[in-house]
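*Asks:* Here's the letter readout for the chains.
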Amino acid sequence: MFAIRWIRRNLVVIAGLLTLAYMILPNIVVMVFSFNNPKGRFNYAWQEFSLDAWKDPCGVADLCGSLSLSLQIAAWATVGATVLGTMIAFALVRYRFRARGAINSLIFLPMAMPEVVMAASLLTLFLNMGAQLGFWTVLIAHIMFCLSFVVTAVKARVMSMDPRLEEAARDLYAGPVQTFLRVTLPIAAPGIAAGALLAFALSFDDFIITNFNAGSTVTFPMFVWGSAQRGTPVQINVIGTAMFVIAVLMVLGGQLVASRRKNNAQPK
Amino acid sequence: MTQKTAGGDVRLSGISKTYGSFTAVHPLDLTIPQGSFFALLGASGCGKTTTLRMIAGLEDPSTGTVFLGDKDVTDLQPYKRPVNTVFQSYALFPHLDVAENIAFGLRRRGIKSYKKQVDDMLDLVQLGAFAGRKPHQLSGGQQQRVAVARALINHPQVLLLDEPLGALDLKLRRQMQLELKRIQTEVGITFVHVTHDQEEAMTMADQVAVMNGGRVEQLGAPAELYENPRTTFVANFLGTSNLIEAEVVEAAGDDTVVTCGGAKLRVPGDRCVSRPRAGGKLLVGVRPEKVSVAHADDAGAIADGRNRITGRIVASSFIGVSTQYIVDSPACSDFEVYVQNIERDARLTPGAEVVMHWNPDHTFGLDADQDIDAGVETVEESA
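The listed protein sequences correspond, in order, to chains Z and P.
Heads up: the first sequence is residues 1 to 268, going by the working numbering.
Heads up: the second sequence is residues 1 to 383, going by the working numbering.
One chain only, chain P, in its complex shape:
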């Protein structure tokens, strides 16, 4: 589906945006391949919407250039760009009915035979029966689909979506995520999707750019970002990570050996962001679902060669498919573990002494000179 034709890529070259002394977007280079579903992910105020608006032409970049294919569109007015936007609040024209809203773009370009296209578009978003209704007579999900149809009917080179699902409730949001993905596959247009919801970005996008403080922290496919975060922000913002500050003991071979709170852990050298030095510090991370928990009495049964940390369960919560434990250990005071509820060990209750162990290959190493909690609160806020 993701055909790579350089002719239709969106290319941002050194674009930035400053308002007075505030820098919303730091100089940024980004290439969005034609036909891809691309997500700009970040907390509110990270500059993702400003970036989107600069592609749309609704915001003038302070520096830099916006290319659509080989064409420099930086100085082009929004109504002259082959780009359309689905706005956060939908921004449907309240005085026009659904069909008129959808036909708006075609009619402004003087296309006379818009009726058939409007009907086709109404079918695509499954709103054929609502053509004569005014926007305020529609539900949130229906309004959202009208907004998508109104933009898509123009066959833009790029469709920009600014938090299009933010106003919908959770169930409808899931449904619309699949719907949007279906439409994108069907029409094959490049979608650039701005969202603060990491799950949404990972479910829908082929490529995700995680933004923080006006900069792109990391860019990649969802699985790549999740497995190999390069900063604490990405590690914490996408899902949950257990990050432990550790001392590097040995960095000679393929594996780096670190100690923290008396435990010795191994980190594959190629999963460290920068080459660790013996005696230096390293932030060691592991995802909660990669970790197993064993009761301290069974510690002998754990295979050799696995990373292990001992601790005491502080809290456990049963979520149905899994149980989440929070474990206090000398290395880390709130180590999170998600255990699938296949065979539940009745001894694993708060207060129990446990050993947490995992395959060292699932460990990643981050530079120690960053805020270990970056991106943590924002996740909770958006949940």
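Same shape as in the complex, but just chain Z:
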């Protein structure tokens, strides 16, 4: 009787914890196995605790090269997609022009299209144009599919923005540039940041489109896929764990800053 009542009262918490566990468990497995010292080439069974891989994360040939390439591509793809996507979002919300409706729906196409299809068509396009497959083709492909996510995120923000705010800025002696820098941009910033983060994450771990269009270039996801055929070095788990921890720390840091700002805003 007591147990049933307790469960009933805490059902939401229990369900929440279970869901959280379901999502985090894979990450924990990756983390734990980054401290493994496997026998043989496969890191699938726990043997003994070891810090070897953490001490030498670049110990596997080509791993760090592919990681740095992936980070570069992700960074440039984020910049490209964010700048273009923000401008497209502003244009779609603020201006009435021909084909605006068509662009509004076309921008969602990369999200809806199966990635394999897009990858294959892109490859066809690049081959027909005689483009050299590699860094640039991958970057172009990434900007293309990140764009729709940035546009969606920024558009939502710009649409909810009161156009009177910019009028108020112009009324208060801010010229067009000042109005954009002091009012429009800061207010749209959360949307732009969300779009940029999405773009970075999508670009960094994209495999299918990259694999089709990379030629002989090897990005980090491709490296992981390739090595999984022949055996998985522990360093892959180390990189994965490090990325996870960095991401969590960034989120925590962001929340800390936000809550401190909120506290400062309280009356003194």
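By construction, these hints were calculated from the structure, which means they are not laboratory data.
Think of the CB as a built atom: it goes at the ideal place given N, C-alpha and C, for glycine as much as any other residue.
Each computed EDC-like pair below joins lysine to aspartate or glutamate, with the alpha-carbon atoms no more than 16 Å apart: (1) P:K264 / P:D361; (2) P:K281 / P:D369; (3) P:K115 / P:E100; (4) P:K80 / Z:E166; (5) P:K112 / P:E100; (6) Z:K262 / P:D97.
Some but not every residue of chain P turned toward chain Z, in silico, with C-beta under 10 Å: (7) L58; (8) V83; (9) G105.
With chain Z's structure known, arrange chain P on it following the hints.
*Replies:* Quick look at chain P alone, frame taken from chain Z:
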């Protein structure tokens, strides 16, 4: 308080605004004296906000010129005009705190020593304790005061207020009306106030321009507009008027005599908009609070020379300080009368035969060729 120096007047000369085939504002001439509290009053869509935005520079006039003092500012961008606006939705910058919002205008003009002025302004609007808060942490009334402070700190030649009290509840609105009036008296800047609330316009403004359909129907001091409306729209939009369509019998002397539904009424000739002709038609008006009601049995006691109409009470509602009667008569089916509750006559209940009478001097005459109900519904909508 209203000093007249032509140098600082706002002068609109023939300005109009058309959007495609729709004319929001018909060519309009208006002079707003420096230091005055000026209200643009009208229902939504009458062009009052468009007029305001043309003064601010947020809207380009299709024709005409905007003068600030002697200076033609028609082609000046809003950020170059010595004019500031308090927006209807306040439009406070959500990412800046109260002090930063207020300092915005000064900082954009590169004024470094803004801190002291911001503090003074916070005191003026009594928000000193809230300097560090974000707009969304403030109540509607506080946000409104920040919006006023943010505009006033720039010492504009003219402060434009676009329905600034529209989002507040009734009690707060009354309070803010007094507050705004106090601030205006204190700083002596010209205020141009756009509102659809006739009471608000009459309470606050020195001068009211009543707008309807993109035109100024009438311009004047509140009491002048109320006592001498020149159109049915003004008569109905400002307060309530009893308007009766009547035939002119005699228009020779000082008084015009008209008949309607068997009653003979006198209208002072100088209170008719245009000179009535015998045999023509005239809309006769009288305000409900100028009329007295007597029970039909007491009709003999009414002094001679007063305008009188007999009828039957249809409805009465007790409002505390007064009682409002609606009387059906041959002249007018819903004649309204407000009677002060000094000595209440218990016989005045629905169904009672009554005589309504008033001093003929309180009667005004309007041209008969207009819609007798113009401006009626809009009042109810805004109430």
